[in-house]
Amino acid sequence: MSKDGVKRSVVEKKASVQRNLETLGVKFYKEIEQGVFPWVEMKSRSIDNIFYSPEFRQYILGNKTVRRSARVISHLRPFTQMVWTAYFVHDLLQQRKTSTLRDVYYSAQAYDIAFQDQAESDNIITDLETVVESPRESFNVYPEERSAVFGDLTIQYTVPGYENRRTNLSSHPDGMMIGPALTESQFIETSADKVIVIEKGAMFTRFVEENVHKKFNAILIYTAGQAPRSTRYFIRRLNQELGLPTYIFSDADPWGMHIAMVIISGSANAAHLRELTTPDAKWAGVWATDIVNYKLPSEQLNEIDIKRLKELKSDPRYTGGLWQREIDTFVELKRKCELEAFSRYGLTHIVDKYLPERLKELG
Amino acid sequence: MSSNGKEVPRISETFQEISPADFFYRNREIAGFTNPARAIFTAIRELVENSLDATEPMGILPDIYIRLTLDGQNETAETYTLRVMDNGSGIPAHQMPLALGQFLFSSKYKLKQARGTFGLGGTMTILYGQITTNKPVMVFSSTGTSRIVEYRLMIDIQRNKPIILDRKIHVNPQRGNERWHGTIIELHLEGSYGQASSKVLEYLKQTAIVNPYANITFIDPKGRFYKFERTVTEIPRPPKETEPHPHGVDVETIQRIIRATNARNMRDFMKNNFHRVGDKTAAEFLKVAGIPEKANPKRLRPEEIVALVQKMREYKGFLPPDASCLSSLGEDLLRAGVLKELEPEFVAVKRRDPSTYSGHPFIVEAAIAYGGKVPAKDEVLLYRFANKIPLVYDESGDVCWKIVRSINWRRYNVSPNMPVAVLIHLCSTKIPYKTVGKEILSDQAEVSREILNAIREVARELAMYLSRKERVRRQVRRLNVFARYLPKIAEFSAKLSGVEKPPETDRLYRSQVVFKDFATTNEFTESEPFDSRLYKTVLVHIINKHETNAVNIKVVGLTGSYLTELIPESTLTSGSEIYETLRGNFKQVKVLAKSSKPDKEGLIDAYIDGVGE
Chain A
878 MSKDGVKRSV VEKKASVQRN LETLGVKFYK EIEQGVFPWV EMKSRSIDNI FYSPEFRQYI
938 LGNKTVRRSA RVISHLRPFT QMVWTAYFVH DLLQQRKTST LRDVYYSAQA YDIAFQDQAE
998 SDNIITDLET VVESPRESFN VYPEERSAVF GDLTIQYTVP GYENRRTNLS SHPDGMMIGP
1058 ALTESQFIET SADKVIVIEK GAMFTRFVEE NVHKKFNAIL IYTAGQAPRS TRYFIRRLNQ
1118 ELGLPTYIFS DADPWGMHIA MVIISGSANA AHLRELTTPD AKWAGVWATD IVNYKLPSEQ
1178 LNEIDIKRLK ELKSDPRYTG GLWQREIDTF VELKRKCELE AFSRYGLTHI VDKYLPERLK
1238 ELG
Chain B
-7 MSSNGKEVPR ISETFQEISP ADFFYRNREI AGFTNPARAI FTAIRELVEN SLDATEPMGI
53 LPDIYIRLTL DGQNETAETY TLRVMDNGSG IPAHQMPLAL GQFLFSSKYK LKQARGTFGL
113 GGTMTILYGQ ITTNKPVMVF SSTGTSRIVE YRLMIDIQRN KPIILDRKIH VNPQRGNERW
173 HGTIIELHLE GSYGQASSKV LEYLKQTAIV NPYANITFID PKGRFYKFER TVTEIPRPPK
233 ETEPHPHGVD VETIQRIIRA TNARNMRDFM KNNFHRVGDK TAAEFLKVAG IPEKANPKRL
293 RPEEIVALVQ KMREYKGFLP PDASCLSSLG EDLLRAGVLK ELEPEFVAVK RRDPSTYSGH
353 PFIVEAAIAY GGKVPAKDEV LLYRFANKIP LVYDESGDVC WKIVRSINWR RYNVSPNMPV
413 AVLIHLCSTK IPYKTVGKEI LSDQAEVSRE ILNAIREVAR ELAMYLSRKE RVRRQVRRLN
473 VFARYLPKIA EFSAKLSGVE KPPETDRLYR SQVVFKDFAT TNEFTESEPF DSRLYKTVLV
533 HIINKHETNA VNIKVVGLTG SYLTELIPES TLTSGSEIYE TLRGNFKQVK VLAKSSKPDK
593 EGLIDAYIDG VGE
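Chains as they are written, first to last, in our numbering: chain A, 878 to 1240; chain B, -7 to 605.
It is worth saying that the hints were derived from the structure and are not from the lab. It is possible that some hints are incorrect.
20 Å max Cα-Cα, derived SDA-like pairs, lysine to any residue [stated by the list, open to error]:
#: 1; chain 1: A; residue 1: 891; chain 2: B; residue 2: 483
#: 2; chain 1: B; residue 1: 480; chain 2: A; residue 2: 1179
#: 3; chain 1: B; residue 1: 480; chain 2: A; residue 2: 945
#: 4; chain 1: A; residue 1: 907; chain 2: B; residue 2: 595
#: 5; chain 1: B; residue 1: 528; chain 2: A; residue 2: 1208
#: 6; chain 1: B; residue 1: 480; chain 2: A; residue 2: 911
#: 7; chain 1: A; residue 1: 1211; chain 2: A; residue 2: 1179
#: 8; chain 1: B; residue 1: 365; chain 2: B; residue 2: 595
#: 9; chain 1: B; residue 1: 279; chain 2: B; residue 2: 256
#: 10; chain 1: B; residue 1: 272; chain 2: B; residue 2: 255
#: 11; chain 1: B; residue 1: 480; chain 2: A; residue 2: 1208
#: 12; chain 1: A; residue 1: 891; chain 2: A; residue 2: 1064
#: 13; chain 1: A; residue 1: 904; chain 2: B; residue 2: 595
#: 14; chain 1: B; residue 1: 480; chain 2: A; residue 2: 1178
#: 15; chain 1: A; residue 1: 904; chain 2: B; residue 2: 483
#: 16; chain 1: A; residue 1: 1184; chain 2: A; residue 2: 1208
Far from chain B, some chain A residues (derived; all Cβ distances over 12 Å) [what the hints assert, rightly or not]:
#: 17; residue: 915
#: 18; residue: 962
#: 19; residue: 1042
#: 20; residue: 1083
#: 21; residue: 1157
#: 22; residue: 1171
#: 23; residue: 1190
#: 24; residue: 1200
Everything numeric in this text was worked out from a predicted model, so none of it was measured. The beta-carbon is built from N, C-alpha and C at its ideal position, and this holds for glycine as well.
Construct all of the structure, not just a fragment, from the sequences and the given hints.
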């Protein structure tokens, strides 16, 4: 994709969302004038309408729809909240400001719209995503949590005040926070040929110190546990716009598997969105089999771990040789371990031995 | 000579004619004076019934005032003074001694629904007072002339004659165009109020139910004041006197008719003296009975009279009695009485068509009351009335009780411990009492059937009300939810679409306050109308904000000049609310409200909401 293409797509995307919201407002306005209770129809997010699609390699929504109408007393409150939220985020887009879920919850109070708690306002944001068929980041609602990126990638900002300024993502050794500015930036150029995603902070720092980005021509991403949405969005962009293969390293346990899976296939909660997954990304370790092969110090799986493994065994996303093999190995081994376990064999063991072997294995 | 040879002693007894007064003196239980408590109850009841008979049939709205005071107490008994005053037609001066001091039986055979035990209750009460205290009765009366006559009387029991101890004339002052008319009776009697008080009050309250046009005031020996106020000013049409029906006469009655009649032949005899028997029916009957038309009734032999009665009973061609000799309460008055004294949330009434048993016409009226101030007991509460007199004793022996018990109330959405009261009123020219004590009805097939059907009809209405209430309760949402949210939807839709002025939401939803802090009066007041043309659904919400007083409300829908009652007259007790969806399309909807009890103003708010769609 051309660089201009990126800018256009980001800007266009937001403009199109803005227009969608205005159309919605006009629709409701006309309905009220004509004596019709305003209504909206959107895809149903209930369990019976969520399916795993092998084609898209993520959970998607089926064809069932739900209708919300201001005529129905039980819909009135969420409907009103949604109209206000549409107005609020439209305003954000117009003013080119960003906000977070928590911020939305508090802002509502200034307009005398009452959300009982943040959970209620979070739900309305998700409803709006479903109606507009676009992630909340496209109407400027970003998560609070930030993860970090480090590597040789030059980006150009598109956010207000920084237009056309450029920076390289290896300029700050601690890594740079992935927020709205980076998520919407234009990718200018890079020498990397892969993306390495790391769950734990200590490992990320280790990789930076050991110059992994140079040795392996990689862009490093630190997720800080479960990757926040904007990070997942960013990873997808790196994979799709720059064509960079993506390798995910997590702890060797069910939760690590899940972190990788969410980056790859998304979550059931986001079944209504398509831009948050990187289906071609690979879980590169630490695998259960690595515990054996690399003789890593490990811990026993507890009851919750085992229960979780049982659930994963029948989860449609976990079909495929690697997943099933590793789930079975975990169950048989009854042990788990962390990324840091490699330090048993020296601080640089993971970079010197494990990383090259694994990357070679996965091609 | 006896078998052992001795003479059998002769016992000679002296027989003498017994006067009616003497008869009742010896058999006072027949008239209800069985024990001290019962005596007080009966005395009050008899005098109150007399007062009602002196007012209502004359078209006078009854004002009855009763005072019972304790005179004294000895080891055996308590003595009371009972004073009853009414505004009735009064007793003409020359008739007063005989009317009260002599037991008079009517020789009339004509029929008319009447209150009272034998029609002699007043005299019986006076007699009872006399025999227990040996004190005279004092009577004041005026028929509205310039004189009020006062008598002090006692009864010569053996001779059945009044003894006049004193007679005074007072001036009856003119007040405006009128002079007082009515009767005051004051007598002394032995009795026990303590044990009778609950029955007396129950009796007065039930009398107030079934005579809602009467004002009744009672002051008890402790000085406590009870007032039962009228809420209506209509009086039921008085019964007409009619001839007896051929199925309902016996040999004695026929003989009296024969003595009294002018008819010289049987055809005229039948035609002139029996209820709904005309020329044609008379002819046909006589033909079927094999009695010659030209025979002279006065020459009938005793065995022929017996045969005649038999044939009359068997003949199926007589028209059934009509109800002109009956005076039922009517559905409106019964409803008014129940609303007044029981203050329920819901009441249904039904007057059955007239029917007959054994040739006697009768009408059953039933009412059912639910909620509000009706107390909740294990079983349904039962009120029984006969010829507008409450039956207060011996409920469990009454056929009404048997019938109420036999009904499966769950079929009508009534479960135990729900506040439900059933009222049965039976009027007839001959009430089928079970015992001489006259507090319980016996089981006559036709009567029982009518009672059962009447109860079923009103119970069905209650069942519908209860199920509708449940549905409304489940569906109820305060419609001001629309008022809260629709304007916001309009505001933000406008902002979102870049239009400055938000759209009007009136076509979607409108709420109108039709009464606010409104003080109700004795008459129905109409609220301002709600224009309901734009709205498919209309809801009405009425709240009684008064601390103690109840209100009666109605909701009507208007289309042109055509008016439909959407919510029939219902009582809202203090603090309660009605919230209902109205059915049907109307141009306008209005709420009407009035105080439940006269001069006890209520305080209400009422809202009508319309929702488009």
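To see whether the hints hold, each was checked on the structure:
| no. | hint | verdict |
| --- | --- | --- |
| 1 | A:891 with B:483 | violated (24 Å) |
| 2 | B:480 with A:1179 | violated (52 Å) |
| 3 | B:480 with A:945 | holds (16 Å) |
| 4 | A:907 with B:595 | violated (42 Å) |
| 5 | B:528 with A:1208 | violated (63 Å) |
| 6 | B:480 with A:911 | holds (17 Å) |
| 7 | A:1211 with A:1179 | holds (8 Å) |
| 8 | B:365 with B:595 | holds (18 Å) |
| 9 | B:279 with B:256 | holds (18 Å) |
| 10 | B:272 with B:255 | holds (16 Å) |
| 11 | B:480 with A:1208 | violated (55 Å) |
| 12 | A:891 with A:1064 | holds (18 Å) |
| 13 | A:904 with B:595 | violated (45 Å) |
| 14 | B:480 with A:1178 | violated (53 Å) |
| 15 | A:904 with B:483 | holds (13 Å) |
| 16 | A:1184 with A:1208 | holds (10 Å) |
| 17 | 915 | violated (6 Å) |
| 18 | 962 | violated (9 Å) |
| 19 | 1042 | holds (32 Å) |
| 20 | 1083 | holds (50 Å) |
| 21 | 1157 | holds (38 Å) |
| 22 | 1171 | holds (57 Å) |
| 23 | 1190 | holds (44 Å) |
| 24 | 1200 | holds (45 Å) |
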